[in-house]
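2 protein chains.
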Amino acid sequence: MSERKVDVAILGAGSAGLYAYPQVAHSGKSFVLIDGGELGTTCARIGCMPSKALIQVAEDFHRPASVAKRFGISGTEHLRIDIPHVLEYVRDTRDHFVDQVLTNTVDEMPPEQVIESNARFIEPTLLETEEGERIRADAVVIATGSRPIVPEAWQAFRDRIITTDDLFEQEDLPGSIAVIGLGVIGLEIGQALRNLGLDVVGIDQLETIGGITDPDVAKSAIHAIGQEFPLWLGHPAEVEPMADGRLRVTAGEHSIEVDKVFASLGRRPNVDGLGLEELGIELDERGVPRHNPHTMQIGDLPLFIAGDASTNRPVLHEAGDEGRIAGYNAAAGQVTEFERRIPLHITFSDPNIVRVGSAFNELDPQTTAIGEMRVAPVGRALIMGKKHGLIRVYGDKHTGRLLGCEMCAARGENLAHLVLLAIQNGMTVGELLQMPFYHPTMEEALQAALRGLYRQVETKNPGPITELRTR
Amino acid sequence: MSERKVDVAILGAGSAGLYAYPQVAHSGKSFVLIDGGELGTTCARIGCMPSKALIQVAEDFHRPASVAKRFGISGTEHLRIDIPHVLEYVRDTRDHFVDQVLTNTVDEMPPEQVIESNARFIEPTLLETEEGERIRADAVVIATGSRPIVPEAWQAFRDRIITTDDLFEQEDLPGSIAVIGLGVIGLEIGQALRNLGLDVVGIDQLETIGGITDPDVAKSAIHAIGQEFPLWLGHPAEVEPMADGRLRVTAGEHSIEVDKVFASLGRRPNVDGLGLEELGIELDERGVPRHNPHTMQIGDLPLFIAGDASTNRPVLHEAGDEGRIAGYNAAAGQVTEFERRIPLHITFSDPNIVRVGSAFNELDPQTTAIGEMRVAPVGRALIMGKKHGLIRVYGDKHTGRLLGCEMCAARGENLAHLVLLAIQNGMTVGELLQMPFYHPTMEEALQAALRGLYRQVETKNPGPITELRTR
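Residue numbers (the numbering used here), protein chains in the order written: chain A, 1 to 471; chain B, 1 to 471.
Next comes chain A alone, as it looks inside the complex (with noise of 0.2 angstroms):
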């Protein structure tokens, strides 16, 4: 049988492999690039581009009914949307996106470096694709991916469940759907559909939404995305099929009967399959082979996992860092542990539901201090029409120092990203106080919570003005 040999293979044309791919190049490794699937990854594809081109079409068509009485805006009646030409639109936008990620990456290289099929290991450093090809390699990245779950019940009708792998295939959409699992990309989709004109009902076992760890913050969020459609927290939900074709969804006491099924229940790492458990590698009880989050390396194999395949953190940025390091001590024969970053989790909703550093859940109540700012009479907010919404920033008590923040916001990605860089550089709540806020901005809201912040911690700016540093 044939066998190639190569310095380093790579598992996976997404984001990882991808941010993995030039790092090895760049060393002069040799190196294959292997994906059974379509290439493009899951950001581009199916993920953070075309949902947030979904979003802003839905936004674009709900705003002007929702502030039209308050402005004086009158013939809102008349207002159509073509959602068939939403989602051709959508298509548009994402091919946009997938070629923009194809250009400079895998449409530039040799053809003998994409192998286009699915692998599986025979040794830790030996592959074979379906076709039969071995290949050799001193070391290999694994970054497979993920896919959407789908709960083995619910293939008996699985024509009449939407994942976002079919969501954006679709000619139309139905006039009914039950969103079931409200993180991160049910609380998008299911408001962006809403904000189409179907009728939406959200469903999630957690008493929480969009990964919201502050009892507060959830209660704000809830309520806000609450007053859209209903929000049922608490129960599991069960799915019938209906002789109707329809389907009847259950959660607690509440039950109902809608076209279709979005399921947003999570991501499963595209790990199976690949003959892991046949190395001899400690797998977690996902099958993820156990792995330093600081250098990727699964033991001290020469095998590297990144991206959602090692389901640490299933963001591009991260999935990005991951495909890096991975790549980087996948050439470098010698490893090398990185910093991983302050962890920052948006969702676009609206308002925008935003972590920063530490979550409410990781923190010890003891030493954590709160400051907290209600969106509600912020001038910008209330200007913009945005008025749900609640910041909460924790800081440590006796040091001030910035640990996280949650929040639901309009401008939370934004606010997010200022208060990202405070921790980042390790300053006090008083430090940043001392930055100007302008007026009239979202982050003057910030500000409030800071200042909140700052009278319950114990170390406090030099001078006799807070805000302000003597010269």
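Hints listed in this document are in silico derivations from the structure and should not be mistaken for laboratory results. A portion of the hints provided could be inaccurate.
Some chain A residues close to chain B (C-beta under 7 angstroms, calculated; not the full set) [as the list claims (entries may be wrong)]:
#  : residue
1  : Q56
2  : F61
3  : F338
4  : M384
5  : N414
6  : H417
7  : Y438
8  : H439
9  : T466
10 : R469
The following residues of chain B were derived to be distant from chain A, with all beta-carbon distances above 12 angstroms [said to hold, decoys possible]:
#  : residue
11 : S15
12 : S30
13 : G252
14 : P343
Computed from a prediction, not measured in an experiment: that's the story for all the values here. We put the CB at the ideal spot given by N, CA and C, even for glycine.
Fit chain B to the known structure of chain A by using the hints.
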């Protein structure tokens, strides 16, 4: 003649005066607040707040038609805006903010501490009101604000000239308007009026708009906004009244007839009429007393100046700082020097125009490296349909330290705060690139500009992967 004795007199109950007040009040000193105009601050009454309310309505009215075809929205031709309703809404919003400003300040003071009158100096520490009441104060804070400039020649047809003082008092708006002066106010209001459906032409004698000093950013902003309404740049405007009650506006080779002119030629400090010229202090060419911007003290007198009256930095947070510094020093009896904030200027146009830290024209081209990113290819910008703009970041060629930024870009107001915090913390471009940039946000546009800058600076991050720290 009666002579009242206080420790501190604050001249002006605008933003600067109201920030000075708690500094004085908390010191335990006796004081009066003297204001002969309408209470409620320039910001809340005629500045930041009503303008932003108008901008938001105008944007929400304009937006659907601008995205309809691309997004599959129909019926936008039926949308109408009720301008008198809009103006009433803006006034209601303004009244809310004015109330917010006055609650906890003027409203809670004992009536004898508030003198609703204009006052002038008899001596540096002796003031006289219009009613002839004399106030002897150990120290005086001059926070008398500013007013729009209207050229003397236009007084003859003043009824056809609108300024920010008049705009929000209008019952309706004319069909056509020439906006003369394209700084912050002219651009914001001009674009809002255009979005509301007025025929707008914008005129400025400068070759730039919105205070941009970077020629490339200026070009991009002029291109973006010039697609919405004509911009006549580089020539002063001449205005002539017509027999039919309209105005002919001429600038260079251009000429047009309009119903009204919006005059946004800048603001004049309210320092005339205070009797400053009798005090034997040095005044600049605008009649503003020479003062130390770190203490706000005038010469070595117990006189302090703050806010628009000082003409230093006519933005709210700076007026607040000056008020606090002036108030603190007036009450303290001895003078403390404070650091001023890093400059931050935002025009809330679409795209936002922003200047942070050192402006382009303040930098030494020999020692400055520049990174730039066009907004057009940025994923989020594309999705938002906000493709115009350019971000330019400036850093020290040798050390990589961030110096400043000018941009016109969607979400520029938010990006500005992030860049500012990095500058305030003395960060290098390499260090800033070690924060995560979430996908897909406008922060990624900034990241791309920073990467361009990083390539040009001599000081590189240690470690094998630029954007990741080793452990």
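- Message: Name the hints, by number, that the structure is in violation of.
- Response: 9, 11 and 14
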